[in-house]
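> Given next are the chains, with one letter for each unit.
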Amino acid sequence: MTSSPPSSSPGLWHQILHAPWTWRVTWFYLILFLFLPMAALVLKALTLNPAEIWRIATDPVAISTYNVTFFTALVASIINGFAGLIIAWVLVRYEFPGKRFLDAIIDLPFALPTAVAGLTLSTIYSTNGWIGGFLEPFGIKVSFTRLGVLVAMIFIALPFSVRTVQPVLQDMEPEMEEAAWSMGASQWQTFRRVILPPLMPAILTGVAMGFSRAVGEYGSVVIIAGNIPFQDLIAPVLIVQRLEQFDYAGATVIGTVLLLISLSALLVINLIQARGRRFYG
Amino acid sequence: MADSSLQQPVAAAGSKSQGAAFQWGKWLLVAFVFGFLGLILLVPTLNVFVQAFKAGLPGLLETFSNKFFLNAVRLTLITAAITVPLNTVFGLCAALSLANKNFPGRSLLISIIDLPFSISPVVAGLMLVLLFGNRGWFGPLLDANGIKIIFALPGIVMASIFITMPFIAREVLPALEEAGTQQEEAAATLGASQWQTFWRVTLPSIKWSLLYGLILTNARAMGEFGAVTVVSGNIVGKTQTLPLFIEEAHIQYNSQAAYTAALLLACLAVVTLVVKFVLERGAGIQSKSH
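Sequence order for the protein chains is D and L.
When the letters of the first sequence are read in order and numbered with my numbering, they come out as residues 1 to 281.
When the letters of the second sequence are read in order and numbered with my numbering, they come out as residues 282 to 571.
Derived by calculation from the structure, the hints in this document are not laboratory data.
Ideal Cβ placement from N, Cα and C applies to all residues, glycine included.
Be aware that a few hints might be false.
[As the list claims (entries may be wrong)] Residues on chain D that point at chain L, a partial pick, calculated with CB under 8 angstroms:
(1) A51
(2) L112
(3) G216
Generate coordinates for the entire structure from the input sequences, incorporating the hints supplied.
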């Protein structure tokens, strides 16, 4: 993997020593800043004894943070999956005033620091905020509740759902829909049978990427949530709390659980994309 | 699509009622998009500017005489000034090593470079603490030599490097692939050195993608919160970056200070989006998800 052609004779060391310097910089950097830190986490987890790992990983507080984190992230990414499809559709197929502006601000969650997002969301969704004030008479509280976690996760994961679907929709030819249409298919049938299937891999990829991002999110959630165990405490915040108490074993185990989930999500994304390429190339 | 139904004589029979339904559906969906983005993106962003100027310009400027605020600004700028050049060198090297080449494990290597995007920033920070913290692998060694990485600038920089590592490689790689190798080969044939080829041929063909990658790296490096929280120790006036300053001010109900800092970072975000917009229009950079 280290050097270009898989030539048989010179041997690995020879290849490493004679690799172009761009290669050497790349690997040096990856080893120092990526592999070494990852190894530190994995090895630390391995030094703990299995019973201890199990006890920490299944501690009631830890379990409740997985529930809040994964369930809320899943709901947020599914909401974004629907909203992202509609937004992509509107941006690709319709002309209306303000379209370019909307298209440009979709990426805002990538550009706006999460601390700013958390701060401003917690203000406007608080009971005396612009939006929270409207919801309060209905008994709906957003800031400092699990609903607040949901709003923050929707915010930070939104661009994934739009930006994965948009290019696929752009490349889709309207002729197919027109054909389905002229043969008497209803709008709903056309949508379900003709438009949706080729979009599905992109939609699922967007949902999986958004889920992965939402699960790992810390900055915006820690500010908008109350961070109360069994209510709205998420796993990344629990890691930080454990570290503040110098509980390195606790932080490591929960961190490893999160890392494994992220890597699984990554694997799922790659599988979806590989399948999508095979079917709709 | 409403137009296309007019061009379809076959569908013309039902086109009038269907066209009307389309107009309805179209405006309903457009209204939904404005509503959704309004609640999630627009109103919150607008709120940053409104809150920051709540007490007018004097209120805003008051924060600028806050020593801790100025320290946070300084630390954020220093962090970005170290992180961005280092990641630029890495990103260019990685992209040059990968572009227009085919070897086993190439897509695996691309996935590895992308890894930091999938790892929670908090976990990234935790990794660095386990490596360089006083109870970490290198803790005793660093301690003996009086070097501080965790709870100090090097830790903050390493966390920012980790989080923003993939951006530049990711933007530059497709541009290099599109440019191909013909021109570089021609330059080499004509006797140009590697450096000359890079400066005169390769760099001009990727400059817009590189600029976009730089902007994204910078925005993320200045705004990183989760990873920096873990490694910095959040020591007021010492290891507190702007995002950490915002959290602290917010917790202490110092809304003006929090929103002044938020305003700076929001302006950074707006500049980032404007540059992206201009680059996409002018230089044909593809928008993609990260």
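> Determine for every hint whether it applies to the structure shown.
Quick rundown of the hints versus the structure:
Taking 8 angstroms as the C-beta contact cut-off toward chain L, the hint placing D:A51 at the interface is violated, the least distance being around 21 angstroms. Because the closest C-beta pair between D:L112 and chain L is about 4 angstroms apart, less than 8 angstroms, the hint holds. The closest approach between the C-beta of D:G216 and any C-beta of chain L is roughly 3 angstroms, which is under the 8 angstroms cut-off, so the hint is satisfied.
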